[in-house]
Amino acid sequence: MFASARFRQGVKAAIPIWVAFVPSSVAWGIAAQAHGLRLDEIILMSAWVYSGPAQFAVLEPLSAGKSALQVLVAGFLMNLRFLPMSAALAPYFRGVQRAKRAVSCHVVSASSFIISYLHFQKEREALAEGITRHPEPDGDANLYFFLGVGVTSFLVWVVGTGVGYGVALGMPHGFDEALKFILPGYFAGLLVVEMRGWAMPVICLGSLLAAIPGALIDPGWGWLTTAMIVATAGWGLEQWMLRGSRSSSSWA
Amino acid sequence: MDATRFEIIFIMGLMAFGARVLPQILFVGRKFPEAWDRFLRYLSYALICSIIAVTIFMSSARFETQAAPRRGLALAVTIAVAHFTKSAVTGMLIGTLVILGLSWVG
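Top to bottom, those sequences are chains A and B.
Note that the first sequence covers residues 1 to 252 in the working numbering.
Note that the second sequence covers residues 1001 to 1106 in the working numbering.
The following block holds chain A by itself, in its conformation from the complex (with noise of 0.2 Å):
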């Protein structure tokens, strides 16, 4: 299959992520103008670091002028769910030049990596199957197929922001109070719907808990380390949890 093909196949692929990032990028936009971002460092930050959660979580310690390192750190933590996205996609890409697998994956967001990574291996499994007679991709045609569902989905990422700046300048006084909940309400909510399991609601909940006493000792590191804490402690828990089921099973 021809290189354009597969990026519009991956275009096709990428509308629904359009649809969902239009409302989360326009509410960025809005909580950076109320926050007291300049447009240039909205799109910088939208265009460059590419990461809703990311940009959330230095929003506020950002425009207060916290510390340097205090912002990094919770970019650097929240971003690490990179690793396992791109490691999964990686072996992919197999056989694609270093330079063009290196320049392509700044476009790996949750979203694009769930499209692509669900699209892969349903083609994998429907060649397995016999269903489909058609070659397994190869690794350019699959870096292809990324692209067309990573840029598009980048694209729109940024200029929603760009255009949440200009909504959030265009209202009038007044709606202080709900311009700064929309994005932290927008989270919750994706947060809500994407519960599974029990771990998941205890950690949300815990954290959410947690981050006021924990900002109030330190306001500067008390909520990431609280975070830290409820995480690790509730992946430790079901990591526990797992192990015991597991050996009970094997002594049944």
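Everything labelled a hint here was simulated from the structure, so no lab data went into it.
No experiment lies behind these values; they were computed from the predicted model shown.
It is possible that some hints are incorrect.
Computed beta-carbon distance windows for the label pairs [stated by the list, open to error]:
hint : chain 1 : residue 1 : chain 2 : residue 2 : range
1    : A       : I15       : B       : F1063     : 39 to 49 Å
2    : A       : G166      : B       : L1073     : 50 to 60 Å
3    : A       : W198      : B       : A1003     : 28 to 38 Å
4    : A       : W198      : B       : L1102     : 29 to 39 Å
5    : A       : A126      : B       : P1069     : 49 to 59 Å
6    : B       : P1069     : A       : R196      : 26 to 36 Å
7    : A       : A47       : B       : T1004     : 44 to 54 Å
8    : A       : A102      : B       : F1084     : 39 to 49 Å
9    : B       : I1011     : A       : Y117      : 26 to 36 Å
Derived coverage of chain B by chain A (criterion: at least 3 residues anywhere in the stretch with Cβ under 8 Å from a Cβ of chain A; other residues may be distant) [stated by the list, open to error]:
hint : segment
10   : 1003-1016
11   : 1032-1039
12   : 1044-1056
13   : 1075-1089
For glycine and all other residues, C-beta sits at the position ideal for the given N, C-alpha and C.
The hints should help you fit chain B onto chain A, whose structure is shown.
This is chain B only, laid out in the frame that chain A set:
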């Protein structure tokens, strides 16, 4: 553009790029351990919740006692609406309307 902010954004972008590019160099043909994957996911959920709490309830390192009830109510409404409608946007919009209404009334 503020030079310090520019530096912070630039370094943040570099770190995000590092997290994206490293597996492409180190993990080609290898699988990321599932337990790590879960831990990193839980860490980002916990961080998001922590930031939600701090952004909504605190200002300049102080707990905003007066505004906390209405903001807490708006957050609860957002969560409930998002849960029942399975739509984050609907939850956000209703929650924003609630906080707007309550701040005008109060």
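Verification of the supplied hints:
| no. | hint | verdict |
| --- | --- | --- |
| 1 | A:I15 <-> B:F1063: 39 to 49 Å | holds (43 Å) |
| 2 | A:G166 <-> B:L1073: 50 to 60 Å | violated (30 Å) |
| 3 | A:W198 <-> B:A1003: 28 to 38 Å | violated (47 Å) |
| 4 | A:W198 <-> B:L1102: 29 to 39 Å | holds (33 Å) |
| 5 | A:A126 <-> B:P1069: 49 to 59 Å | holds (55 Å) |
| 6 | B:P1069 <-> A:R196: 26 to 36 Å | holds (31 Å) |
| 7 | A:A47 <-> B:T1004: 44 to 54 Å | violated (19 Å) |
| 8 | A:A102 <-> B:F1084: 39 to 49 Å | holds (44 Å) |
| 9 | B:I1011 <-> A:Y117: 26 to 36 Å | holds (29 Å) |
| 10 | 1003-1016 | holds (count 12) |
| 11 | 1032-1039 | holds (count 6) |
| 12 | 1044-1056 | holds (count 13) |
| 13 | 1075-1089 | holds (count 10) |
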